Structures are given as structure tokens and as C-alpha cells.
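Colleague: Now for the letters of each chain:
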Amino acid sequence: MNVHEYQAKELMRKFGIKVLRGKVAKSVGEAVEGAKSLGGNVWVVKAQIHAGGRGKAGGVKLAKSLDEVKSHSEAILGKTLVTHQTGPDGKKVQTLLIEEGCKIEHEYYLGIVLDRSKGKLTFIGSAEGGVEIEKVAAETPDKIIKVAVDAAAGYSPYIGRKLAFAMGMKGDVVKDALTFFEGLYNLYVNCDCTAAEINPLVVTATGDVLALDAKLNFDDNALFRHPEIEALRDMSEESKEELEAHEYDLSYISLDGNIGCLVNGAGLAMGTMDIIKLFGGSPANFLDVGGGATKETVEKAFTIILRDPKVKAILVNIFGGIMKCDIIAEGIVAAARSLGIKVPLVVRLEGTNVALGKKILGDSGLQIIAADDLSDAAKKVVEATKGRR
Amino acid sequence: MAILVGRETRLITIGYTGKQGTFHSLQSRDYGTQFFGGVTPGKGGTTHEGFPVFNTTHEAVNKTGANAAMIFVPPKAAADAILECVDSNIALVVCITEGIPILDMVKVRKAMMGSKSRLIGPNCPGIITPGECKIGIMPGHIHMPGRVGVISRSGTLTYEAVYQLTQREIGQSTCVGIGGDPVAGTNFIDVLELFQKDPDTDAVIMIGEIGGQGEVDAARWIQKNMTKPVVSFIAGASAPKGKRMGHAGAIISGGDDTAEAKFKILEQCGVTISRSPAELGAKMQSVLNRR
Chain A
994 MNVHEYQAKE LMRKFGIKVL RGKVAKSVGE AVEGAKSLGG NVWVVKAQIH AGGRGKAGGV
1054 KLAKSLDEVK SHSEAILGKT LVTHQTGPDG KKVQTLLIEE GCKIEHEYYL GIVLDRSKGK
1114 LTFIGSAEGG VEIEKVAAET PDKIIKVAVD AAAGYSPYIG RKLAFAMGMK GDVVKDALTF
1174 FEGLYNLYVN CDCTAAEINP LVVTATGDVL ALDAKLNFDD NALFRHPEIE ALRDMSEESK
1234 EELEAHEYDL SYISLDGNIG CLVNGAGLAM GTMDIIKLFG GSPANFLDVG GGATKETVEK
1294 AFTIILRDPK VKAILVNIFG GIMKCDIIAE GIVAAARSLG IKVPLVVRLE GTNVALGKKI
1354 LGDSGLQIIA ADDLSDAAKK VVEATKGRR
Chain B
2 MAILVGRETR LITIGYTGKQ GTFHSLQSRD YGTQFFGGVT PGKGGTTHEG FPVFNTTHEA
62 VNKTGANAAM IFVPPKAAAD AILECVDSNI ALVVCITEGI PILDMVKVRK AMMGSKSRLI
122 GPNCPGIITP GECKIGIMPG HIHMPGRVGV ISRSGTLTYE AVYQLTQREI GQSTCVGIGG
182 DPVAGTNFID VLELFQKDPD TDAVIMIGEI GGQGEVDAAR WIQKNMTKPV VSFIAGASAP
242 KGKRMGHAGA IISGGDDTAE AKFKILEQCG VTISRSPAEL GAKMQSVLNR R
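Protein sequence lines, in the order shown, are assigned to chains A and B.
Position one of the first sequence corresponds to residue 994 (this note's numbering), numbered consecutively onward.
Position one of the second sequence corresponds to residue 2 (this note's numbering), numbered consecutively onward.
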């Protein structure tokens, strides 16, 4: 789960991490009022969307007067920002963060991620902050410092020292940086983050170490123990279809193609998308019905797939393990009756209760294109879309 | 016995009396696995489907001599169940549960270092040595005893590969689902090493996914250490960047973790790649014919 920058910063404050003072605004009026109450003569108007690259897209602007706060807020609020992380449709800005200005002495990068091969949380630091860290890592890997944290011992100050000195910090800044690093680690483990990224972490002219930007991701599987984080979820930032699918324990992701896919298992679902592409087609979605699907969830899956007007054919690929083929077949029949599936439907069933599943489909009188195996299924569904474009 | 499980495996189930635990325990028993009951705290001393139920894993191990456990408890309690198995010195722990918090697994992995237990999973279909022992949720009937090892991060995609092999009458020595989570108990290299040493395995199918470095590390390991042929498919060539494809581990972060990058490195390391998931059986057949 993602949260907005302003929400991430509120959390960080609770863990003793310094951030600039800011006000959240949902309207231009609130933005100007916010700037007034912050005081000073420089502010930053920041679009709050769940995506990086806001600055380049015109979503972050410096204001040197209240008039500029007003004009920038008018320009950004309600605008749809397209960044390298939003997809082509972009994201509409509904909230602004107005922050006080600060004089930056140096910009750093700081992140915590899981090193999967070691199974350890790992700090990533760099003196090259404020730019795309992937680029720094690719071009000058020696400028990236990685320090792994032992899962049993947790954070220890040597980790912070190792980072701070390697990042080129000096004097009192190091002490403040250690407080910052420890705070971020505590936040990460106490809130079940899956990624924390501070880009940039800045040292100001007055020697403060603070987070200018903040990106936090949380583990969906751990939200049960963090109702306060679950409460930060912004529904308007998430795909309606994906949320609806999630309610039925379906895993759905909308894609650009025209072949709807209904598959059991994430790996097979990806494999099915891949083979559709190999045969020259293009998948309209990823959909894993999971192992516990019922007739109703299969019906729901069809509803979601068919709501996409791009869908010109559907491929059902089921390899029954825990999932039984007859359940899928009943779901297909129910969906066909209630929704009236008008696009060609290619079905490939294999595994547990396959004979029963095929019988249910056969007896239903539905127009179904049966496929013998995975290649056959992909070939048939791609053929079915041709001439329907 | 091929690797890890066989006729001498003695299985108990943690979360035995639940719906899934019961169903799959009996399926394993029916397949021929030596099954001895299981654990459900609070139901100790009772009998369920003809097998004893214990309150703690320790007690179950002491009374049954179990050397393998299959975990079916909900995600909130799964890490705890794994730790209890480790504390009971069970040699093989297979965790089927999906949706365990990542940081729970970080702690579990640390706790397992230096222990006597090996963990398969979590979020995996389990492990099977066809004709001998099945621990997990895979359909037993699609398997056939033989000499090809299978390792995979995905459940149903493993069934697909196994089915293609069996249809060609290519049997399997052992099939191991290592699971789709970012932190797993056993990785590709661990299993490849076992297959390389195993006199009952001639060749290996390795099924990977986008996300993570496991397949790349495995490719490099294969190049250095493996004399047996490996055929590989990586799922997710068509997946967009930054979207989590169902499995918690299957997300492209940018870098070496795309399907294309993995295919390329695997090929460079001498692995036979199959760009189609439907060609795994055929590719394995041609590799075996060449020998």
C-alpha cells in the first residue's frame, strides 16, 4: 500500500525524523491560508499523488510570495500529472502540501529495502541525492553505499556511522544523521514497510538533517496489525477494478491489450499472458482467481473482465490443483447466463475434476471454443480476436 | 528417494484440523505419504479423521517420530508455526500458507540459520517425490516417477510443466515449489545443489518469475557447478514494470529482474531456455535425447 508524501511525513515525525513544517490543502484558499500560517517568505507547493517524478511533470513549484502560492496552487490543483510512474493516463491532483522553504546545503539519497538474496533489510545511501537513484546506481555504482542490518540485532549505531561517513557527512551533521537513520529504521520495522525512500535527504544551511521528500510503501499482508496505516489509504489513488477484485480475493491488474485472461495461480497467469504475446496477441489483464475461488468469484471475475471495452475475446486457463475444474465450469456457465458473454470464449481446463468440468461446459449448450493445451488455447484466442479489431 | 522427501518421510500437519489442513493431509496420506496426525492447539488428545491431534509440535514430534511438517495455519500465525517446528528440530518444514508479512519471514530466516531444519516455502505448493511422498497441495495424479527434477517459484505453472513431462512419459525425481514470496526458506541454488548430487536425477526444469535475483544467482551457480542439463522458463515477460503480479515477489523493480534479463543470463550460463511455458516438456525431451 502507498501513502501520500504528507502522510509519510506525519508518520516520520512520530519516529523522531525531522521534516519541514507543512500544511495540507484541498483548495487554493486553504493553500494560501496554509502558507500564511506557516509564515516566512518562501514556500513549496507540492502535488500529492501516489507517484514519483512529480517535479519534472510540473507538480512541485517554489513560491516566493503568497500570490505565487495562489497561482501555483491554481495551476497544480485539479491538474492531471503524467510522470514515468503514473502510466499514460496520469493522476489527478486533489491534494496539495504547502511546505516552508529551506536553504539546502547538500542533497543525499537514503533508502531502506529488503535484500531478497540475503533476507536482510538494507540501508542504501548516496551523496548523490535529488536525482534518479537508478541512474546513479547504473552509471556510478561506487557512489551507492549499502549496509545490511542483522534481523536479530536490529539497528546499531555503527550502521549509521558507516553510512554517514561514506556519504561524506562531517561534524555535528553525523550525529543528527544517526538519529534520522535510526528513526527511519524504527519506522520501517514498526510499521511493516516494504520500502522507504528519502530522496532527497538534505542538510540545510543551519545544519539541520531533514527529509525533503518521503516515499513509504507498506506490506499489504501486514496491514491487519496496523489499522492506523490502513486508515491512510486513499481510495481515489487506486484502481476501482483492482480494489473490487481484491474484495473477492481475485488478483486483477488491467493492461493495454484486448484478450481477457482468467487463470488460476499468479505464475500460470503471467505465463498465459506471455504465451498470448508469443502468438501475436495482447493480454487485456492479469487475473488470478486463486485457489479458493467459488462459482460466485468466477462470475465476478468475468464481470470485471467484460467491463473493459477493449476485450475482444477471453481465455480461461485453469490447471486445477486445489482449484477444481467443475467449480470453474459452473462459474463460466453462470457468468455466461447472467452476463451474456458476446465475445469468443476459449477454455482450457486441466487437472483436478477436469472430466466433470468439461461435462458441465458441454451440457450447458454455450458456444465455447475448447482448447487441448496451453499452446492450442493461446493460438485459438489470438485467432478469435483477428477480424474483430 | 530422490531429494528431501521419500518413503522414509514421516509427516505431520500443523493446523491439521482446519478445512485445508484436513483435506490436504488426507490427500497426502492417500498418495502414499506416511502420515501421523498433526497439531491444533487446544484440541490435543482428540482424534481427527483417525489420526491423533496434539497441542504442541514438540509433543507431536516426540509421540510420532515425525521428520517433516506441512503448515496450513493462517498468515498471522504462520511464522510462529514455522519457529515452533524449528524449535522441535523437524528436518523438513513445508509452509503452504500465503500472505505472511515479509518482516515475519526476515526474522524466521534469521532464526533458522544454524538450525537443524530446512524450510520450503512459504506461499508454495509443496514438494513431491512421485510414487513415494507428497507434501502439499499439488494434484498427485499428474506426476510420474522418473529422473527429471523440477524447481519452481509458482504453483500452477509447476503443474503445467509436470503435466507436459508426464504426457511425454518423462517422469520426475522430485518436484519442489520454493514459493513466490520475497523471502523464502529455500532458494533455487539450494535445490539445484541437491539435484546435482542426487544419483536419481538426470536433468532439471527450473521455473522462475520476474522480480528478485534468485534466477540470476542460480544461472551463475549452474555455469560453475552443474553438470546436469537445466531447462528454464521465466514467467512475466509481458508484465509491466512496477506492478505486482499476484505473488508478493513478482514485481519488476528495474534492473536485472525482468524476464528478458533473466532469459539472457540463463542462456549465457548454458541453460536451455524456453520462451513459451507450453514448450518446457518438448525442450526437456530434446535435451534428454541429445545425451
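Read the hints as simulated data drawn from the structure, not as lab findings.
Every value quoted in this text rests on a predicted model; they were computed, and no experiment measured them.
Hints may be right or wrong, so weigh each one.
[Stated by the list, open to error] Derived BS3-like pairs: lysine-lysine, alpha-carbon spacing no greater than 27 Å straight-line:
hint : chain 1 : residue 1 : chain 2 : residue 2
1    : B       : LYS111    : A       : LYS1372
2    : A       : LYS1379   : A       : LYS1335
3    : A       : LYS1139   : B       : LYS284
4    : A       : LYS1128   : A       : LYS1007
5    : B       : LYS111    : A       : LYS1317
6    : B       : LYS242    : A       : LYS1128
7    : B       : LYS111    : A       : LYS1111
8    : A       : LYS1270   : B       : LYS20
9    : B       : LYS284    : A       : LYS1111
10   : A       : LYS1303   : A       : LYS1288
11   : A       : LYS1113   : B       : LYS77
12   : A       : LYS1303   : B       : LYS242
13   : A       : LYS1155   : B       : LYS242
14   : A       : LYS1085   : A       : LYS1113
15   : B       : LYS198    : A       : LYS1155
16   : A       : LYS1317   : A       : LYS1335
17   : A       : LYS1233   : B       : LYS242
18   : A       : LYS1208   : A       : LYS1072
19   : B       : LYS111    : A       : LYS1373
20   : B       : LYS198    : A       : LYS1208
21   : B       : LYS108    : A       : LYS1007
22   : B       : LYS77     : A       : LYS1136
23   : A       : LYS1096   : A       : LYS1208
24   : A       : LYS1011   : A       : LYS1111
25   : A       : LYS1113   : B       : LYS20
26   : A       : LYS1288   : B       : LYS20
27   : A       : LYS1111   : B       : LYS198
28   : A       : LYS1155   : B       : LYS20
29   : B       : LYS77     : A       : LYS1085
30   : B       : LYS284    : A       : LYS1113
31   : A       : LYS1049   : B       : LYS242
32   : B       : LYS77     : A       : LYS1007
33   : A       : LYS1352   : A       : LYS1303
34   : A       : LYS1139   : B       : LYS108
35   : A       : LYS1111   : B       : LYS20
Colleague: Within a Cα-Cα threshold of 27 Å, do LYS1139(A) and LYS284(B) meet the stated pairing?
Modeller: 40 Å, violated
Colleague: Between the alpha carbons of LYS284(B) and LYS1111(A), is the straight-line distance 27 Å or under?
Modeller: Violated, at about 32 Å.
Colleague: For the pair supplied as a hint, LYS198(B) and LYS1208(A), is the alpha-carbon distance within the 27 Å limit?
Modeller: Status violated; Cα separation ~46 Å.
Colleague: Quickly compare the C-alpha distance for LYS1379(A) and LYS1335(A) to 27 Å and report which way the hint goes.
Modeller: 15 Å, holds
Colleague: Between the alpha carbons of LYS77(B) and LYS1007(A), is the straight-line distance 27 Å or under?
Modeller: At roughly 26 Å apart (the allowed maximum being 27 Å), LYS1007(A) and LYS77(B) satisfy the hint.
Colleague: Run the distance test for LYS1085(A) versus LYS1113(A): straight-line Cα separation, threshold 27 Å.
Modeller: Violated, at roughly 36 Å.
Colleague: Take a quick look at whether LYS1011(A) and LYS1111(A) sit within 27 Å of each other, Cα to Cα.
Modeller: 30 Å, violated
Colleague: Does the structure keep LYS1113(A) and LYS20(B) at a Cα separation of 27 Å or less?
Modeller: 34 Å, violated
Colleague: Would you check the hint for LYS1049(A) and LYS242(B), treating anything up to 27 Å between C-alpha atoms as holding?
Modeller: 20 Å, holds
Colleague: Can the restraint linking LYS1317(A) and LYS1335(A) be considered satisfied, given a maximum Cα separation of 27 Å?
Modeller: Distance ~25 Å between LYS1317(A) and LYS1335(A) Cα, so the pair holds.
Colleague: Hinted pair, alpha-carbon criterion (27 Å max): LYS1096(A), LYS1208(A). Please report holds or violated.
Modeller: Within the cut-off at roughly 22 Å; holds.
Colleague: Given the hinted pair LYS108(B) and LYS1007(A), is their Cα-Cα distance within 27 Å?
Modeller: Status holds; Cα separation ~25 Å.
Checked against the numbered hints given earlier, this structure breaks hints 1, 3, 4, 5, 8, 9, 13, 14, 15, 19, 20, 22, 24, 25, 28, 29, 30, 33 and 35; the rest are met.
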